[in-house]
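Participant: Residue-level listing of the chains:
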Amino acid sequence: MKFDQLVGAVIHDLKNQLQALLDYEREAIEQVPENYHQHLTPILQRTNRLKNDTLQLVSLFRLGEQRHFPLDDAWPMDTVNDAIEATSLQFPTIKFHNQIDEQCQGFYSEMLLHLAIITLITNSAQAGATEIWFKASDEHGFTITIEDNGPGFPPEILNGEWDSSKREGSGLGLYFVELIADHHRQGEQHGQLDIANRTPTGARVTIRLP
Amino acid sequence: MINLENELASQRILIIDDLVEARTSLKKMMVTLGASHIDTAVDGNEAMKFLHEHDYDMVLSDYNLGKGKDGQQILEEARYSQRLRATALFIMVTGENAVDMVMGALEYDPDAYLTKPFTLNMLRERLTRIVDIKSQLQGINQAVDDGRIDDAVTEAEIVIKQHPKLLMPLTRILGRLYMQQQRYHEAIRIYSDLLNIRSVSWARLGQAICMHHLGDPHGAIALLKQTLSKHPLYVQCYDWLARIMLELEKPEEAQQFLQKAVDISPKAVLRQMELGQIAVANEDYATAELAFDAAVRLGRFSCYKNSDNYLHFAQAVQSRISPEGGRDSRVRADKVMRYVEELRQDYAGNSGVMFDSSIVEGKTFHRLGQEEKARKSANHAEEILARIEDPSLDQQLQMTEAYIETDQHVKAKKLLRKLQKQGLDENAIQEEWQRLESKLNEITVRKYTTELNARGVDCYEKGLLEQAVEAFDEAADFEEAGVSVLLNAIQAKLSFMEEKEIRVSYLKDCHKMFKRIGPIGDTDERFERYDRLKNTYLRLKRAAGL
Chain X
753 MKFDQLVGAV
763 IHDLKNQLQA
773 LLDYEREAIE
783 QVPENYHQHL
793 TPILQRTNRL
803 KNDTLQLVSL
813 FRLGEQRHFP
823 LDDAWPMDTV
833 NDAIEATSLQ
843 FPTIKFHNQI
853 DEQCQGFYSE
863 MLLHLAIITL
873 ITNSAQAGAT
883 EIWFKASDEH
893 GFTITIEDNG
903 PGFPPEILNG
913 EWDSSKREGS
923 GLGLYFVELI
933 ADHHRQGEQH
943 GQLDIANRTP
953 TGARVTIRLP
Chain Z
246 MINLENELAS
256 QRILIIDDLV
266 EARTSLKKMM
276 VTLGASHIDT
286 AVDGNEAMKF
296 LHEHDYDMVL
306 SDYNLGKGKD
316 GQQILEEARY
326 SQRLRATALF
336 IMVTGENAVD
346 MVMGALEYDP
356 DAYLTKPFTL
366 NMLRERLTRI
376 VDIKSQLQGI
386 NQAVDDGRID
396 DAVTEAEIVI
406 KQHPKLLMPL
416 TRILGRLYMQ
426 QQRYHEAIRI
436 YSDLLNIRSV
446 SWARLGQAIC
456 MHHLGDPHGA
466 IALLKQTLSK
476 HPLYVQCYDW
486 LARIMLELEK
496 PEEAQQFLQK
506 AVDISPKAVL
516 RQMELGQIAV
526 ANEDYATAEL
536 AFDAAVRLGR
546 FSCYKNSDNY
556 LHFAQAVQSR
566 ISPEGGRDSR
576 VRADKVMRYV
586 EELRQDYAGN
596 SGVMFDSSIV
606 EGKTFHRLGQ
616 EEKARKSANH
626 AEEILARIED
636 PSLDQQLQMT
646 EAYIETDQHV
656 KAKKLLRKLQ
666 KQGLDENAIQ
676 EEWQRLESKL
686 NEITVRKYTT
696 ELNARGVDCY
706 EKGLLEQAVE
716 AFDEAADFEE
726 AGVSVLLNAI
736 QAKLSFMEEK
746 EIRVSYLKDC
756 HKMFKRIGPI
766 GDTDERFERY
776 DRLKNTYLRL
786 KRAAGL
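These protein sequence lines are chains X and Z, in that order.
The first sequence runs 753 to 962 under my numbering.
The second sequence runs 246 to 791 under my numbering.
If you are wondering where the hints come from, they were derived from the structure by calculation, not from laboratory data.
Note that the coordinates shown come from a computational prediction; the quantities given were computed from them, not determined experimentally.
Heads up, the beta-carbon is just placed ideally off N, CA and C, and yes, glycines get one too.
One or more of the hints may lead you astray.
Now the in silico label distances, taken between C-beta atoms and shown as ranges [claimed, not checked]:
no. : chain 1 : residue 1 : chain 2 : residue 2 : range
1   : Z       : V265      : X       : R937      : 35 to 43 angstroms
2   : X       : D775      : Z       : K312      : 20 to 28 angstroms
3   : Z       : E671      : X       : A761      : 50 to 58 angstroms
4   : X       : A761      : Z       : A531      : 25 to 33 angstroms
5   : Z       : T399      : X       : G893      : 25 to 33 angstroms
6   : Z       : E250      : X       : T793      : 26 to 34 angstroms
Computed footprint of chain X on chain Z; a stretch qualifies when at least three of its residues, placed anywhere within it, have a C-beta under 8 angstroms from a C-beta of chain X [claimed, not checked]:
no. : region
7   : 353-365
8   : 368-374
9   : 444-453
10  : 475-485
One chain only, chain X, in its complex shape:
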């Protein structure tokens, strides 16, 4: 077996184990009286975070291997709902507003876009946002926009220094999302990531796919 395959298999197992752990923890919480939940919830949150991290790891690994992520018809309203479901446990105080029309349709790798949105939600939450809005359009190409009411991006990030490792978190997260956007290609065109600050406050990230 090649080294890469071995690493891939280990990551894959890690992800499966964490998923199983998460299921057990959920079940355990259901079984114990409510006044103990406060002790168990942080464990559940951390496990969820780890699971999302390993999902990201799996995808990064495969993106690095130049593997093929099949693109297919997909519906951003659903994708966003799934991402909210996957993160709401960790950020129970954040208010999510999925404003995407149910008929809005895209053509993308659901798995990758799901991860991109989770990453952006995590970014927003860590920056201190308390509300997040999601919009999408399939009128002229496909765009999906995530806005929050946090402090917005600092100038160096707005200037495009995403992969600087000085700032952990948001910079690296954006780099990952850009990789995902870039993986969506049609002829010469490829997906792009735009970031901006809202007035008076908040961040706006737009993913455009060909």
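Please build the complex by placing chain Z on the supplied structure of chain X, with the hints as guidance.
Facilitator: Chain Z only, in chain X's frame:
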């Protein structure tokens, strides 16, 4: 959008997963979503049993089902044996790490893929979309189920203009229907329309297949290779590359491509069979052995179970069985015998298979040097053949070879004559007939000259020179007669002339035979005899005044 609960309530649903937790959990979710009529199967065999017994509206199958068939094979079998309507849904459940391998089936494609892990909410959303789209395609699929293909095409052509959001599923359906109707130019056009705005591997594959049917193999090859560079695990591309290479009479390239397909996806019976057949044609028996063995193993409980795989396996290993072959040879021979037993049990009513089994059993015994057992198998085959009404030329030629291998030359000769009278139409049959005839001739001639030679020697020793000359002459008449037979014939004639009278015709015969022998070196052990006879010959020739 449709109401999922209402839709599911009336549907008969089959869930297939080899893991009990996954099965129960999915069933529980489906019940929560409104389904009430659910069957569950643990593997492909059980699933096929259910599919044959009932008419399902929806099948949810895991792709990876452990050792047996995978989900794609179940789908292919179900649609192939017409046990799944076009209006019924087939949803493939996959782990995220297998998506790029699973997606892309062109001919037998599932309605949708569902990536694990998923929550109840995700399943609800996904199913709602899937059922909603299927309901919009209802009219078209109904026409397909009714065999009204023209109607299906017409309606699909209308709907695709009205509903751009159904472009992907409609292109799939239309492309497939156009291909069924051999309207390849139209299929290429519709795939192109999609590819202009959506980069999907299956549309490229579809175009390549059409180009191939339209007689442009090189264009098809280029497109397939291009598709593979973007989507390296797209196994169907390798299948088609192999097929096209075969038609271009490049069997070695074909085998290489097919081998790649098998490496990526080793569980498909038909693909293993194809690989085995190409490998036999390429005389690569090691590959053929592996492929047919896999085909037997994988096909054992499927609709692709096929006695040919057993027999092809047995034929492919013949060259690697010998009495001194050691363990490997023994293992192979044992396997052949086991397969023969399996065939005798499973195909007892099929005299063709029974005949083939006995033939291959006999061959194997012959290879092992167990001639008595080989003969028994051949006799068994003979009995079966006698019962087959109107046996094929191929079967009779196989019988002939079995006769030859078991020393029953008269029977072999008779059968060959009979076949010649009947007429051999095909080239391959003719070639095989000729191969067997020369094999038989070689054997009889060798045997016959040996006998004649022995008779000659016997007469010579008894002093019956005339009879000795006659016997040796007959033996020497065959082209295959060896040097010793020729020297015997010369010696008999010379002795006759020395004792009785000189005959010019005998001298001429001796001359011819010396010429046939050619020069013999003085290191040859026969040289002394040759030299002595040559001197006698020259002396007699001088005495005759020639």
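Participant: Next step is simple, just say for each hint if it's right about the structure.
Facilitator: Evaluated hints:
no. : hint                                   : in the structure
1   : V265/Z with R937/X: 35 to 43 angstroms : holds, 41 angstroms
2   : D775/X with K312/Z: 20 to 28 angstroms : holds, 26 angstroms
3   : E671/Z with A761/X: 50 to 58 angstroms : holds, 52 angstroms
4   : A761/X with A531/Z: 25 to 33 angstroms : holds, 29 angstroms
5   : T399/Z with G893/X: 25 to 33 angstroms : holds, 32 angstroms
6   : E250/Z with T793/X: 26 to 34 angstroms : holds, 32 angstroms
7   : 353-365                                : holds (count 4)
8   : 368-374                                : holds (count 3)
9   : 444-453                                : holds (count 3)
10  : 475-485                                : holds (count 5)
Figure legend: structure checked against the earlier numbered hints; every hint is met.
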